[in-house]
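Undergrad: Below are the chains, spelled out letter by letter.
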Amino acid sequence: MSEHTHSGEKHISSYTSYFIVWIVLMILTAITVYVSYLDFGQLNIVIAMIVASIKAGAVALFFMHLKFEDSITWLFALFPLGLLFLLIGMTILDTFTRIFL
Amino acid sequence: MEQANMEHAEDHGLHMTPEQEYSSSKLGMWLFLGTEIMLFGGLFAAYAIFRAKYPEMFAESHEELNREMGAINTCILIFSSLTMAIAVTAIQRGKQMMAGLLIVVTILCGLGFGVVKYFEYGAKFAHHIYPDTNIFFSLYYLMTGLHMLHVFIGLGILAVIAVLTFKGKFNENYSTPVELGGLYWHLVDLIWIYLFPLLYLIH
Numbered sequence: 001m002s003e004h005t006h007s008g009e010k011h012i013s014s015y016t017s018y019f020i021v022w023i024v025l026m027i028l029t030a031i032t033v034y035v036s037y038l039d040f041g042q043l044n045i046v047i048a049m050i051v052a053s054i055k056a057g058a059v060a061l062f063f064m065h066l067k068f069e070d071s072i073t074w075l076f077a078l079f080p081l082g083l084l085f086l087l088i089g090m091t092i093l094d095t096f097t098r099i100f101l
Numbered sequence: 001m002e003q004a005n006m007e008h009a010e011d012h013g014l015h016m017t018p019e020q021e022y023s024s025s026k027l028g029m030w031l032f033l034g035t036e037i038m039l040f041g042g043l044f045a046a047y048a049i050f051r052a053k054y055p056e057m058f059a060e061s062h063e064e065l066n067r068e069m070g071a072i073n074t075c076i077l078i079f080s081s082l083t084m085a086i087a088v089t090a091i092q093r094g095k096q097m098m099a100g101l102l103i104v105v106t107i108l109c110g111l112g113f114g115v116v117k118y119f120e121y122g123a124k125f126a127h128h129i130y131p132d133t134n135i136f137f138s139l140y141y142l143m144t145g146l147h148m149l150h151v152f153i154g155l156g157i158l159a160v161i162a163v164l165t166f167k168g169k170f171n172e173n174y175s176t177p178v179e180l181g182g183l184y185w186h187l188v189d190l191i192w193i194y195l196f197p198l199l200y201l202i203h
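These protein sequence lines map, in sequence, to chains F and C.
Its first residue numbered 1, the first sequence is counted upward by one per residue in the numbering used here.
Its first residue numbered 1, the second sequence is counted upward by one per residue in the numbering used here.
Since the hints were made in silico from the structure, they are not lab data.
It is possible that part of the hints are untrue.
Said to hold, decoys possible - Covered stretches of chain C (in silico footprint by chain F; criterion: 3 or more residues with CB under 8 Å from a CB of chain F, positions within the stretch not fixed):
#1 21-30
#2 35-48
#3 67-76
#4 188-197
Using N, Cα and C, we set each Cβ at its ideal position, and we do this for glycine too.
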């Protein structure tokens, strides 16, 4: 926060922090590819999605500055995720419970 | 207190401080990104259903995809996100030339992504694999195609921003369009982060 801008409180991320995030993303990508060659059965997709979500989280928090945004931006960012879980969750629930009818 | 502030704002009609303009622009962009997530969300829901119904078909069909090319494109997109993020910091520090050049690098990465995808689609067509081959390839073409469209739109936005940056329109006091363009570009990267393992790396 040593940089001072016109708006005063605006956070500027350092180049170094971006390089660190990038290296983490590359390592996680390598892990995703490596794990896909191993056989964990049903766990493969779970691991792949967890790693992808960590990557997506890193992109959103640092590259997209979400970590430094106010609570209303967080609400705008998280609300669609809630809707997304509803959309996918309810569709799955609907499709795979029809056999019980 | 808040009531009084709101009335005060209404009295002044359209007048806004640069800070208000900046934060409301950014909020609007996040709202738009939310709708983008929902747009892809429907396709992800379809993917989940059909993969659960036809796991063998998905596992077999995905063998046709070139995971090396998918991995290369993942690296290209992540690198382009890095250059874009650094470009935002550069312009926020007033370094116009550096920011402009970094946006150009980002654009070149996006074009590289398109070239790899062009060869991938070409190889699929050569093997007579089309969107109507089966439900996996329907989803493959639809999801990667919609993503590709977003890459092209992003490239158009970044091209305009690059030109304006070189013209000196942005500086340490005003860099909102660069930041918003960056947000859009990162979303394109974010969606690909999920598409890559779901389409190329099925076990």
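Undergrad: Hint by hint, say whether it matches the structure.
TA: The hints, checked one at a time:
1. Counting residues of the segment 21-30 of chain C whose beta carbon lies closer than 8 Å to any beta carbon of chain F gives 5, which reaches the threshold of three, so the coverage claim holds.
2. Residues of the segment 35-48 of chain C with a Cβ under 8 Å from some Cβ of chain F number 8, which satisfies the need for three, so the listed coverage holds.
3. A count of 4 residues in the segment 67-76 of chain C with a Cβ less than 8 Å from any Cβ of chain F is obtained; the coverage claim is therefore met, three being the minimum.
4. Coverage of the segment 188-197 of chain C by chain F holds in this model, with 6 residues showing a Cβ closer than 8 Å to a Cβ of that chain against a need of three.
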